[in-house]
Amino acid sequence: MAAGADLGSWDARTIVSNMLPLLVVLCTIVLWAGITLNEAEALLDEYGLLAVMVPTMVGAGGNLGTILSSRLTTRLHLGTTELDLRDRVLWANVAAVLALAATVFTTLAAGAWVIGQLIGAPLALSALLTISLVSGMSVAVIAVVFGLAATYGSYRLGIDPDDTTIPIVTNVVDVFGMLIFIGVSTLVLG
Amino acid sequence: MNFREGFWSIYREALPVLLVALVGGLFSGLVLEELLESVARFPGLLVMVPVFLATRGNVYGALGGRISSGLHQGLIPPEFEWNDRLVNAVLASFVNGVTISAVIGVLSWIVLQLLGWPSAALSELVAIMLIAGTLTSIVLIFGLLGILFGGYKLGYDPDNLVGPIVTTLGDVFGMVFLFVAVAVVEVVFV
Numbered sequence: 000m001a002a003g004a005d006l007g008s009w010d011a012r013t014i015v016s017n018m019l020p021l022l023v024v025l026c027t028i029v030l031w032a033g034i035t036l037n038e039a040e041a042l043l044d045e046y047g048l049l050a051v052m053v054p055t056m057v058g059a060g061g062n063l064g065t066i067l068s069s070r071l072t073t074r075l076h077l078g079t080t081e082l083d084l085r086d087r088v089l090w091a092n093v094a095a096v097l098a099l100a101a102t103v104f105t106t107l108a109a110g111a112w113v114i115g116q117l118i119g120a121p122l123a124l125s126a127l128l129t130i131s132l133v134s135g136m137s138v139a140v141i142a143v144v145f146g147l148a149a150t151y152g153s154y155r156l157g158i159d160p161d162d163t164t165i166p167i168v169t170n171v172v173d174v175f176g177m178l179i180f181i182g183v184s185t186l187v188l189g
Numbered sequence: 000m001n002f003r004e005g006f007w008s009i010y011r012e013a014l015p016v017l018l019v020a021l022v023g024g025l026f027s028g029l030v031l032e033e034l035l036e037s038v039a040r041f042p043g044l045l046v047m048v049p050v051f052l053a054t055r056g057n058v059y060g061a062l063g064g065r066i067s068s069g070l071h072q073g074l075i076p077p078e079f080e081w082n083d084r085l086v087n088a089v090l091a092s093f094v095n096g097v098t099i100s101a102v103i104g105v106l107s108w109i110v111l112q113l114l115g116w117p118s119a120a121l122s123e124l125v126a127i128m129l130i131a132g133t134l135t136s137i138v139l140i141f142g143l144l145g146i147l148f149g150g151y152k153l154g155y156d157p158d159n160l161v162g163p164i165v166t167t168l169g170d171v172f173g174m175v176f177l178f179v180a181v182a183v184v185e186v187v188f189v
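Protein chains in written order, with numbering that gives the first Met the number 0: chain A, 0 to 189; chain B, 0 to 189.
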């Protein structure tokens with residue numbers, strides 16, 4: 000790799016030294032989700048089906064936030080939008096993200112219900128729908144608020160949102176996903 | 000573009016991707032449910048799960064974004080070949096992925112000590128993370144590159160593929176290899 004100087008931002012050493020500190024920061028944030036999960040061990044032992052829902056609950060909020068942010072970022076880069084709350088496309092984006100959340104979390108509850116029947120650890124469909132939709136939609140609203148704030152904030156500050164803001168927001172939203180999911184599950188089942 | 004058109008175009012575009020991620024999430028949830036039995040042997044194991052999954056997204060999402068930009072800019076060809084840029088990008092994400100895995104093991108152990116919660120030995124937690132992190136890195140790097148290159152040649156925009164591929168492969172293989180790592184460490188550290 001003698002041509003290291005010509006590689007610019009593709010040099011392995013540059014990539015590692017740029018990214019590793021950010022990764023450690025992100026880890027520290029998401030560790031809170033792990034602490035919450037560990038505390039809920041008794042609940043998970045009793046209702047194994049909740050564990051089946053955990054990876055989606057942790058990831059889905061971040062995914063929804065990313066969809067919104069990356070669409071807004073592209074529009075900002077193209078100069079087609081400013082921070083304008085009367086922008087109709089902005090609200091179409093927000094509404095679509097919420098509709099996607101409603102679809103995904105309804106499907107998650109249905110999927111978990113089917114798995115519950117198959118592995119012999121059933122929970123009522125109504126309980127699963129309540130848990131999945133209440134926590135899922137709350138996380139979706141948080142993802143929308145944080146996604147909007149982060150995109151416009153970094154745009155104003157002149158930082159490329161793809162580099163730092165989006166990863167931080169996705170990870171923060173993931174933590175909220177876990178906290179709310181465990182909280183709602185405890186209320187419904189505990 | 001009016002509200003209704005904007006809404007449906009976003010919804011239709013993002014839904015298939017989210018549903019694929021949901022199937023991956025449910026599968027990894029099933030593996031997590033199986034993993035609950037090992038928590039008694041390795042207390043604190045659950046603290047590491049969300050961080051480990053989220054980190055897969057952070058590390059390989061960055062790799063995917065880089066490869067996707069490189070393909071768009073014509074900087075790298077869509078082939079597995081000894082290209083300096085490709086080798087550097089792959090090497091960097093491998094180093095990042097394995098290093099941060101070890102960091103997760105150490106951070107989780109420290110948090111468990113600080114909270115005064117029961118904890119497996121530091122060496123056990125770090126060994127689990129190192130084994131799971133290394134195996135996941137290898138599969139994710141080659142899987143991601145293979146799908147991105149193949150998709151690009153078929154005319155798909157790699158930008159739209161990165162997120163869902165990373166989330167789905169990361170969830171599925173992350174949890175499977177975590178399970179494998181726990182089984183290995185259970186045998187080795189008697």
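One or more of the hints may lead you astray.
Among the chain A residues that face chain B by a calculated CB cut under 10 Å, a handful are [said to hold, decoys possible]:
(1) E40
(2) A59
(3) L63
(4) L84
(5) R87
What the hints contain is simulated information worked out from the structure, not anything from laboratory work. Here the structure is a predicted model, which means the values were calculated and not measured. Every residue gets a Cβ at the ideal spot worked out from N, C-alpha and C, and that includes glycine.
Now the hints, each set against the structure:
1. E40: holds (6 Å)
2. A59: Since chain B brings a Cβ to about 7 Å from A59 of chain A, closer than 10 Å, the hint holds.
3. L63: holds (8 Å)
4. L84: Because about 14 Å separates L84 of chain A from the closest Cβ in chain B, which is outside the 10 Å limit, the hint is violated.
5. R87: holds (5 Å)
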